[in-house]
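Q: The lines below spell out each chain.
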Amino acid sequence: MKTQGWKRFLSSPGKIAVAIAGVFFVVALVERFTGATDITSSGASGATLRFAIPILLAGLGGLWSERAGVINIGLEGMMIVGTWMGAWFGFLYGPWTGVLFAAIGGALTGLLHAILTVKIGIDQAVSGLAINLLAVGATRYLSGIYFVANGGDISVSPLVQQPGTFSVPGVSEFLGAIEEHDTFFVSSVAGVLGGLVTNVSWMTLLALLCVPLTWWILWKTEFGLRVRFSGENPVAAESLGVNVYRVRYIAISISGMLAALGGAYLSLVASAVYREGQTGGRGFIGLATVIFGNWRPGGVFSGSLLFGFTDALRVRQAESVHAVLAVVAIVALLFAIYLLAVRRRKGAVVSGVIGLLAGIVFLQVEVIPDEFVTFFPNLVTLLVLVFMARRLRPPAMAGAKYRKGEEISE
Amino acid sequence: MNRSRIFWGIAAPVSAIAVSLLLASGILLLQGASPVGTFQLLFSYGFQPRNIVSELNQASAYYLAGIAAAIGFKMLLFNIGIDGQYRLAVFFAAVVGGAVSLPPVLHVLLIIVVAATVGGAWAAISGFLRVKYGVSEVISSIMLNFIAAGLVSYMLNPNRLGFQAEGSQNVSTPAIPESGWLPTIEVAGGRLYLFIFFAALVGVGYWILITKTVFGFNLRATGISFRAALSSGVNAPRMVLLTMVLSGATAGLVGVGTLLSDTHNYSLAFPSGYALTGLALALLGRNHPVGIAFAAFFWAFLERSAGILDLNGIPTEIVTMMQGTIVISIVVAYELIRRLNLRQQQAAVGSHQEESKEDDK
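Chains L and C, in that order, are what the protein sequence lines are. Counting along the first sequence from 1, when you hit position 19 you're at 19 in my numbering, and nothing is skipped either side. Just remember that my numbering sits 410 ahead of the position in the second sequence, which is counted from 1.
Treat the hints as calculated values from the structure; they're not laboratory data. Incorrect hints may appear among the rest.
[What the hints assert, rightly or not] Restricting the straight-line Cα-Cα distance to at most 27 Å, the calculated cross-link-like pairs of lysine-lysine (DSS-like) are: (1) C:K542 with L:K346; (2) C:K542 with L:K401; (3) L:K401 with L:K119; (4) L:K119 with L:K404.
Treat the numbers as computed from the prediction; the structure is a model and nothing was measured.
Work the whole structure out from these sequences, hints included.
A: Structure follows, in structure tokens:
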């Protein structure tokens, strides 16, 4: 039994490593032939991280809430609260105070959502949407009063100091040198890794730590078990002595806090200024990563990286998005061959079709229009919902109304 | 019983509005402005005849969004996709309307039909995903809203379906020829869209459909219990799909009034955010065609009269916050009333049982 476990442990990361190396190889090849050199540059991977973090934090926020059984459409509003609080208190007392107040503001907004949906029991979607509307109104109102008086504008805050950054000493320069060298494959790998260790904001690190932390709390602690229990079967949880209401209050407050931290990241790290509409629907994309990631922290993380990556490429070098299609085509076709070899015909067909489609689009279209890249996350999420529906395992009672002593009505 | 139902039905919206007024007053006081003076200002400006006309025009758009949401609500469907449906619909209606030339009435009708068809078709995606794959319509329509917005901004490009006048920065669709315009009525110094009567007709149609037809009965039945409807022979999945299409078709009409009587082309200046407005109005008007009409006018009134606040040093966003508060308070009020009724019923049943026990003795 034990040896089997060891084997699995050894073989699975081994497989992943081989797969990652393979993808890198294909990417390096494609870069050679298309001249889209930005896919593996350290700039692109750094930007990916910067674009991914707000989505990641919003996604983790959505995860906390849905695991406790309440859908949080108010993520966007909670992010907006975070951008504003972060910028204003960051302007007054320095960036980390801004982060702190963003967290507090987000937690309070989350608590409002919790009181409305759990204590009073109104429709979760209505509450979330109303919070989005309130957040837009309140921040704009407050901007009109505070920002205008301090050299800002009704839609723009005064400039804010950013939290500090760090580069891993030695490693950063070393990888940078290899990337400069332009050796096939090796430089690509060095580029990606270099971007991840050079000029990284401390807040990025903080956000990344939230992924294992979320996993540990939700899956390894008693409290986490209660949270997930409340999302799967609140009636049974209650009967076993879990205070479902209280657990949900806490979980949704954490949800709001995380989303608001994502907002604060936008105004403090990504831009050093609050701008109206800065969140740009990222709260909803966060919601999408929860589905994409199958309601798991690691899944949310990879979803946010994927969506952040496309965003980063769109902003930096439009041809790269096009080149990525070639990568998708080759990898999907190779994967189809692999699936065929292990006799999983259906999967092979799906993978093959995806590969062919990507290949055709790559050959036919010169540049992928900007607008398509914008809604890429939304489209992917819809496709995942349709084609992977059977693999998805949402919390059973997420979205259902639960009141102590009443039957669950869906 | 009936009278108390009407009382509670009106009490909830009224108290929601009262709560929002209280909150706004509190904020105004904090800022050192006089609430009474501000509300007086709102009223006197909002009820100027010229402003009433423009409020009515805006209200006709809101009304349709409200009806679209209400159709969904009757089936317990949550159509957040109104935004995307409306945007794609008015875009294609503008494109088709600008590309053809037809006799006057036909041209207008064609534009309306295109808008309703596109809106319905886009909503059908959500309905289909829900019926076939069990995908929540809330999630799918949020995603579809983003996709619709992206598609429209892609197509609204001078190289594709868009049109850019020389020396102008604005891209729009080609202008609709005059045969595709709907005249306006000059009243009180303003121009009232003729489309408002069409919107009212849609409201009447909604009322007849829901209360007088078998389809409406099945729709409400499926909304109350999907399984019960299914087992009594209603094709429930089909009903879900059809409801979504009807809701989307109505949502598709939201921007048509402005298109036919004002701008005559589509540009990105067309506002967004109709989904939330529609849902709020359906809630405020209790899914009733007349209730939604009042709610729509109130909404348009708030937004129009907010314009005067800026001139007096009060941020107009106080109105947005009031709207948000109204949405929350209205659903809270409904929930509290529901619980109150439940308790009353339980008490009634309890006392009835007590009586019958005593009878047994």
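Q: Each hint should be assessed against the structure and marked as holding or not.
A: A quick look at each hint next to the structure:
no.: 1; hint: C:K542 with L:K346; result: holds (20 Å)
no.: 2; hint: C:K542 with L:K401; result: holds (24 Å)
no.: 3; hint: L:K401 with L:K119; result: holds (11 Å)
no.: 4; hint: L:K119 with L:K404; result: holds (10 Å)
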